Every structure is written in C-alpha cells, then in structure tokens.
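Participant: Listed here are the chains, written in short residue letters.
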Amino acid sequence: EDQVTQSPEALRLQEGESSSLNCSYTVSGLRGLFWYRQDPGKGPEFLFTLYSAGEEKEKERLKATLTKKESFLHITAPKPEDSATYLCAVQAADSGYALNFGKGTSLLVTP
Amino acid sequence: GAVVSQHPSWVICKSGTSVKIECRSLDFQATTMFWYRQFPKQSLMLMATSNEGSKATYEQGVEKDKFLINHASLTLSTLTVTSAHPEDSSFYICSARSPQGSNQPQHFGDGTRLSIL
Chain A
1 EDQVTQSPEA
11 LRLQEGESSS
21 LNCSYTVSGL
31 RGLFWYRQDP
41 GKGPEFLFTL
51 YSAGEEKEKE
61 RLKATLTKKE
71 SFLHITAPKP
81 EDSATYLCAV
91 QAADSGYALN
101 FGKGTSLLVT
111 P
Chain B
1 GAVVSQHPSW
11 VICKSGTSVK
21 IECRSLDFQA
31 TTMFWYRQFP
41 KQSLMLMATS
51 NEGSKATYEQ
61 GVEKDKFLIN
71 HASLTLSTLT
81 VTSAHPEDSS
91 FYICSARSPQ
101 GSNQPQHFGD
111 GTRLSIL
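Residue numbers (the numbering used here), protein chains in the order written: chain A, 1 to 111; chain B, 1 to 117.
One chain only, chain A, in its complex shape:
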C-alpha cells in the first residue's frame, strides 16, 4: 500500500532561519512526487513536480529534492508570507493520476 509521511507536523521558524521539510514515501512505481502549499480555508496551490531520484527544482526561496525514498523541501531565508501548510503527494504509475497526500507540515514564520 502506498504511504506518504511528512515531518515535522509543525515547524516554527524565525524570519531568515532556513530549514527543511521531509516527505518519506513508499509507492509501487512512482510516476511523480508533488509539493503543494495550502493556506487556511483554501485549496492546495501547486509548487513542484519531481519525477526521478536526483532531480531538484527551485522557485524563489523554495527548493525541492528527491531520492528513491524521500523528498525534501528546503526553505531558505523564509519570510512571514511563507507561512502555510506544505503538502507532499505521490502519484503511482497505476493510480490513474490520482494523488496520495501526506498530512502536511504546518509552517509558521515569525518576524
């Protein structure tokens, strides 16, 4: 059975304090691993897709990396506006494009 586990559940950072969020996964044939950002009361907003081990993608202060067992979302010099819940999801090759989500990491960045 496919599983996605995110850690930590919650993270509090001071503005400028870099850190990483973890997403560990087991899947029978990975088609893609996705990172989304979700603000309270909103739907998830797409950030990145990673397809194979060793792949990295960057967008502003965020960088996502992928290995065969886990993905990291690195946040460099975060700002208060980066506060949100970050969701990781995997798409199995036989899933018909459905996503299996982790529970997310709730990030709070204080000034």
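These are computed hints drawn from the structure, not numbers from a lab. Being a predicted model, the structure only gives us computed values, none of them experimental. Watch out, some of these pointers could steer you wrong.
Here are the computed lysine to aspartate or glutamate pairs in the EDC-like style, where the Cα-Cα straight-line distance is at most 20 angstroms [said to hold, decoys possible]:
(1) B:Lys-20 to B:Glu-52
(2) B:Lys-14 to B:Glu-87
(3) A:Lys-103 to B:Glu-59
(4) B:Lys-41 to A:Glu-45
(5) B:Lys-64 to B:Glu-52
(6) A:Lys-103 to A:Glu-9
(7) A:Lys-103 to B:Asp-110
(8) A:Lys-42 to B:Asp-88
(9) B:Lys-41 to A:Glu-9
(10) A:Lys-42 to B:Glu-22
(11) A:Lys-63 to A:Glu-17
Position chain B relative to chain A; hints supplied.
Facilitator: For chain B alone, kept in the frame of chain A given last:
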C-alpha cells in the same frame, strides 16, 4: 489567476438536505476531475475520480449513492451530497488535470466548507 473554480465556497444547511457543489476548469478541458475531502488537521483524502461522459470511480468506503458525481462536460463536474448529515460536514475540494501530456499537475479549487446542522 484561478485555473479551477469551485462553488459555493461555504454551505450551511439542515440535516437531510441535499447539497450540490460545482467544479469548473477554466483554462483547459478536463476529461478527468478528482474530488477530495479534508477533515481538520488531516490530509486530503481522495473520494472519487470523475470521468467526462462516463461513471465516476469511487474509492473504497465512499458511498456512491451518497455522493453523486456528474461530469457532463469537459469543464464541469458536480458533487451532490444527498441527505446530508452532521458527519458529512467537511471541506470538499476538487481538482482538474490538463490532458495534454502525462506530466501535468492537478490544479485545485478553493474548496467548499460544508456544515450540516
């Protein structure tokens, strides 16, 4: 701008009422849309896959007679919660995926907060 539009954003109704939620893809024709449910502090759980022109595929444990899905056009899918009860109160979110290429991400609507009294 929004790629997927979901309506309404908030519904409060009495137990026993049926509630319809609409999901529209604005920028592309979506042959497949997905419906998720999210309880507080929990992850998004896939309820069903909505296929244009055919029957929806429901996940294990989701009652198809309770959650009616209609995908009558390439830009619109609807979810109807029939005879809703307080335990159906949740945050319902739809997503759509562009059929162009196998590497397209799912884009999500802003969700519908359903509260059954």
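Participant: Which of the numbered hints are not met once you compare them with the structure shown?
Facilitator: none
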